Amino acid sequence: MYSAQTVIHQPGTMPKETAEPELKWPAEGLTVIPDWIYTSEEIYRREVERIFHGRTWNFVALECEIPNPGDYKRSFVGPTPVVVSRDTDGSIHVFENRCVHRGAEFCRAQRGNATEFVCPYHQWSYDLKGNLQGIPFKRGVKKEGGMPPDFRNEDHGLRKLTVITHRGVVFASFATDVEPLAEYLGPEVMEDFEATFDGRKLKLLGYYRNELPGNWKLYHENLKDPYHATLLHSYLVSFGLMVAGNKSIMLADSTGRHGTMGSAKPDDVSASVDDAAKKEMRAFRDDMTLADPSFLNFVREFKSPWSVTMQTIWPNLIVQREMNTLGIRHIVPNGPHSMIMIWVMFGFEGDTEEMTRHRLKQGNLMGPSGFLGLEDNEAIKFVQEGVRRSPTDHGILKLGGDSEGTSTTLISESAIRAMYRHYREVMEL
Amino acid sequence: MQGHGEVSPGFEEFTQTMIAGFEHSAVEAAAVRELRAEIEEFHYEYCAVLDRADVERWPEFFTEDAVYRITARENADAGLLVGLVYAEGRAMLRDRAFAIARTQMFAPRYMLHLVSNVRVLSATEAETRAVSNYILLQTLVDGPTTIHQAGRYYDRFRRVDGRLLLAERQCVYDTVIIANDLVYPV
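Same order as they appear, the protein sequences are chains A and B. The first sequence begins at 1 in our numbering and counts up by one. The second sequence begins at 1 in our numbering and counts up by one.
Treat the hints with care, since some could be wrong.
[Stated by the list, open to error] Beta-carbon label-pair distances, calculated as ranges:
| hint | chain 1 | residue 1 | chain 2 | residue 2 | range |
| --- | --- | --- | --- | --- | --- |
| 1 | B | S116 | A | H9 | 32 to 40 Å |
| 2 | B | N133 | A | G335 | 39 to 47 Å |
| 3 | B | T145 | A | H228 | 24 to 32 Å |
[Said to hold, decoys possible] Covered, in the sense of this in silico footprint (three residues per stretch, anywhere, with C-beta under 8 Å from a C-beta of chain A), are these stretches of chain B:
| hint | region |
| --- | --- |
| 4 | 143 to 157 |
| 5 | 167 to 180 |
Honestly, the hints are just simulated from the structure, not real lab data. A quick note: this is a predicted structure, and the numbers were derived from the prediction, not measured. Ideal Cβ positions, reconstructed from N, Cα and C, are used throughout, including at glycine.
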């Protein structure tokens with residue numbers, strides 16, 4: 001059910017949504033999160049302007065989605081529709097999906113191949129770089145009508161974004177002065193990024209798309225919150241993929257906005273979990289065995305101490321390396337109460353048939369029907385409903401005290417606090 | 001492959017028959033009517049099990065070496081292999097059924113399947129191929145009943161001990177954006 005189909009307490013009907021709160025962060029600081037960051041329209045507007053349209057690198061595509069000249073993809077920067085296009089010279093361009101003439105969103109197909117883009121309304125045409133090419137009847141008919149003589153096509157191309165690519169991943173920005181990607185991510189986050197995108201050419205395996213009825217920041221929080229992983233997800237716990245006590249890290253970059261949740265699966269799959277930890281973890285199931293455990297095999301193919309890394313790359317990208325199932329999650333904010341999640345699953349050129357099948361089978365862990373994925377989606381939805389409907393106005397973020405940044409224990413929320421430190425600076429809250 | 005014997009069809013055949021391969025070939029009209037009735041009966045029993053959330057009985061509708069996939073039409077059309085659910089062998093279906101029935105966390109819901117437009121595409125001694133339309137309705141505690149998916153079953157049936165079983169079921173849905181998640185099998 002889409003969030004717009006809610007019967008009880010439809011979005012926009014609760015007092016917390018309609019009355020704009022005073023946007024003043026609680027005096028306790030980062031150990032208290034005010035609900036209005038998830039519910040306020042004013043906050044959402046400011047986020048789009050300062051974060052998604054601000055000095056950030058936004059994921060827009062994998063190069064393997066548009067491998068050939070003329071290939072294009074509909075994409076988003078924040079909530080804003082853009083087109084990602086590969087020109088005949090191989091270069092990649094990102095521009096607004098909005099005709100400069102009357103504003104029509106001209107590109108309608110998810111993906112395709114074209115020699116030019118033509119707005120269907122009045123057939124203004126653009127080249128693969130987004131330059132305005134042709135205007136029908138530009139000089140009118142029989143010397144009547146048409147565009148003014150001083151109208152120059154070159155002054156009216158589609159609004160172009162700054163584009164960078166790294167290891168097959170394409171980022172774009174509305175800003176022209178964002179620091180280079182290496183600087184933007186910082187050395188530690190870049191190291192984990194390059195462990196996944198290790199130079200091998202990517203091979204597209206396919207897409208999942210879902211609406212997640214929760215604020216977009218909740219997805220970042222979820223993946224900066226290793227605490228939930230050992231409690232909510234029985235799959236992780238029961239099969240030793242991520243257990244309190246495993247070697248793990250919750251890394252935050254120096255700005256606090258990016259992170260890597262990393263965990264090393266022990267060689268012994270039936271990880272020995274001590275009785276004290278078992279008692280804390282309701283999700284732990286001693287009786288759980290798989291009829292076909294092969295899909296949890298880990299083929300060690302990466303130069304990384306971690307068998308699992310989930311990277312949160314500010315503001316709209318999640319890089320999933322869950323053993324051998326690989327994917328990116330592209331967050332498209334959809335108002336305060338909703339986000340669209342576009343999952344692009346991939347392997348590598350050169351994967352054997354057996355490896356491809358292994359990745360596909362292991363894919364059952366993630367995505368909107370994944371053993372982990374669906375539980376995250378449910379939990380995030382529950383949070384949004386709670387903060388939207390209740391008169392209580394804040395949540396608690398005190399695991400690990402008031403520390404901020406990288407944590408080596410899973411039982412800490414310090415990476416979330418680091419993210420909100422950065423967020424408050426950018427948002428001036 | 002890993003762990004559970006030979007998978008049929010072979011991967012190459014599987015990738016090629018993803019949707020392509022379900023072409024219509026001449027089947028004698030009387031045979032079509034008989035098979036359609038039998039397949040409809042199969043669908044009704046299959047859906048009855050899922051509609052009452054008796055998910056652990058769901059794998060019984062498949063052969064030991066069955067393949068099962070739920071995927072978006074955009075993937076099927078482009079020959080992309082990924083599945084929301086991708087299973088090779090009944091063992092993987094059993095594991096999924098067990099997880100959903102006993103360990104997964106999700107809000108309570110009712111699911112209701114409607115299946116129609118059953119078309120028998122081909123029939124040989126060994127197997128019958130058919131395509132059917134489905135509508136999957138979902139009802140959550142605080143919500144209306146909504147169309148969760150509109151899609152097609154691409155099925156390969158084999159007869160085992162006189163009974164039809166699925167050697168392959170691909171649920172290909174038109175519903176581009178899933179509402180949050182898909183918990184139960186389709």
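Status of each hint after checking the structure:
no.	hint	in the structure
1	B/S116 with A/H9: 32 to 40 Å	holds (35 Å)
2	B/N133 with A/G335: 39 to 47 Å	violated (33 Å)
3	B/T145 with A/H228: 24 to 32 Å	holds (31 Å)
4	143 to 157	holds (count 4)
5	167 to 180	holds (count 5)
In summary, the one numbered hint that this structure violates is 2.
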